[in-house]
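Starting from the known structure of chain P, arrange chain A on it as the hints suggest.
Letter by letter, the chains look like this.
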Amino acid sequence: MRMRVKHEISYRYSEPAKAAVQKLLVTPRNCNSQRVIAWRIEVDRDSRLRQVEDALGNIMHSFTVDGPFESLTTLVEGEVETFDTAGVVSGTIERFPLELFLRETPLTASNEQIRDFAKSACAGEAATLDRLHAVMAALHERMQLNRDATQEIECADVAFDKQAGHPLDLAHIYIACARALDIPARYISGYVARQDGSEARVEAHAWAEAFVAGLGWVGFDSSRKMSPDDSYVRVAVGLDHLGAAPVRAARTGGGDESMDIQLHVAMARAQSQN
Amino acid sequence: MEFSRVQFDEMKGTGGLTRPPYQKLSNWLAETPQDFLSSRRAQAELLFRRIGITFAVYGSKEATERLIPFDLLPRILSRTEWSVLEKGLVQRVRALNLFLADLYGPGEILKADVVPSELVYRNPAYRPEMAGRRTPHDVYVQIAGIDIVRTDDENFYVLEDNARTPSGVSYMLENREVMMRLFPDLFAMHQVAPIENYPDRLLATLRSVAPRNANHDPTIVLLTPGQYNSAFYEHSFLADKLGVELVEGRDLFVRDDVVYMRTTEGPRRVDVIYRRIDDDFLDPLVFRPDSALGVAGLMGAYYAGNVTLANAVGAGVADDKATYTYIPDAIRFYLGEEPILKNVPTWRCREKEALSYVLGHLDELVVKEVNGSGGYGMLVGPHATRAQIEEFEKKLTERPDNFIAQPTLALSTCPISVAQGLAPRHVDLRPFVLQGAKDICVVPGGLTRVAMTEKSLVVNSSQGGGTKDTWVVDDAPG
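Chains as they are written, first to last, in this note's numbering: chain P, 1 to 274; chain A, 1 to 478.
With the rest of the complex left out, here is chain P (with noise of 0.2 angstroms):
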């Protein structure tokens, strides 16, 4: 599937801000599963944007804006054409050994609820990848899901609890449950095409990648029930939502001003090529 992203992330001050600081995400790499064809970041204030690789191999982009302005917007556009792997990843930069995804963050920390959820989920499967599944039907059956994207961020065991959250509460959780079980797991922020009755579109999201041995990485995403296949964009990886969040801000200066986050994703055109 080839696919054109649009994704205009804006914000707003009711006071004008001094200066922001902001570190990007946005840029997706090729791997087995995408290739990119073209890709940009555009800034509406004057500013450098700076380009490194972070430790997990992710491409940061970050900049300084001097003030005063009342409103900044970030675009990130680009075109990315998807293969369906059955949600197996492969040719993607691994630095680090697998020990570091068993590693639990606050984030993604499991408690006796989460972990006798996890083994019992999995209890009639032997073979990893069985388990790995059984546990995203088990816990797509359990979450109600809930896009609004300003709620805020909950620890695995919070939105466990309350049985309802974001994508990204539920990739948290199954991460929480693939580590409880040994399993290493991390956390994948990105896009989803979706058919939204005759109208096709394109959200953020996020969900979760386990390690098979013999497969490699293979994504799990609870909230939708399935491997990604070709209608996913893979943009970041992390141990945790504050490892890949697309955009991490500051403000440096002004009082109390409130902030009015825009996160608008736009999908320009998505046809299948064949």
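Accuracy of the hints is not assured; some may be wrong.
Claimed, not checked - Chain P regions said to be covered by chain A (calculated; three or more residues, Cβ under 8 angstroms):
(1) 10-24
(2) 41-55
(3) 220-230
Derived by calculation from the structure, the hints in this document are not laboratory data. Positions of the beta carbon are idealized from the N, C-alpha and C atoms, including for glycine.
Showing chain A alone in chain P's frame:
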């Protein structure tokens, strides 16, 4: 390994005969009336109140700021004893720095299976953000505090490495200043190695590790979490002694990967940050997003090599209690030398056999949480209640890899001055080691912490421990 149960006193040894380093002090005490010491004790309290040394104790219902109890009698080490300690400390801190450069670089020690890699990668103090990046001059631990205990005439053990933001050096300096005012005659009788140059050495160390692109007179600041931090007094004290600005996160900002300080004359570029805030709070764009203590974009400047953080981000993986058990191996691995300072024998509860031993001997052992600090989350078996032991039994079974256990060492005692005369109390020692771009130095002595309560083994100031001045004295001739 068996430990002698005989109590070693640093003044009286095991047999009651005064040991040579304490001979002059002992004679002096014999001739000094008790009221003189009592009046000096009152003076000392007054001096400390005037200076304003306080320490905030978390979770205490009383006033949040307290004076740290101070004992009048110096803890004395002979030059010969100190020379060995000093060599051992230099060796250890060199190895800690090489270890960190390796863990965030090629990882040779993991490839050689000397240290289990899961211990590193699953450790929250290991920062993947630092992997593959080099720190200015490859120094990670510019300021180390190595906690040492003594069990007899010969043996010193490293109890814990502190490679993050070790505190206590202000007490070391203030204790000396107060002692010199109270007992000039004692100083006249002893050749006490000076420590007053510590701030100069620290400043030289911080200057030496400035980024290579900094100008020859680098701007150094001390970054504090603010006045509510338990060690705020020390932060302001040190900034003052160093002659550098004491700043909070909001006083700094980053523009295009360069750190600036807001000053009345406009922004001023900052080259070295002696930071006394934890990794987690340094940069809300990389670590905890809710942190208001740090500086947004700081890590970008750090990656770009435009600023030095002392100590380096991620240094904590080397001082973690689980990693601690491998430091002697790291010394052999990197330096090809036998460790001069021993570790306290430690059971790694992550290992099955060790765990079952520990569970069977909880009433004899000290059990520590690997990520805990300051005496919190610790079980001192011989002094624990049945309920406390049961609580740790449960914790250990649930998360064995979270704990280590050590024998309760017969820690040396040192006399303190009380209303009735002298009383032995357990002590430890935290020497401060400074690693610059080229040089490494240890100020003679360090901070002696003393458990003020009889028989107590906990010397942490957060748990009611006190301090003493620490003297390194030249050995008596002949």
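Hints, one by one, checked against the model:
{"no.": "1", "hint": "10-24", "in the structure": "holds (count 4)"}
{"no.": "2", "hint": "41-55", "in the structure": "holds (count 5)"}
{"no.": "3", "hint": "220-230", "in the structure": "violated (count 0)"}
When each numbered hint is compared with the structure, a violation occurs for hint 3 only.
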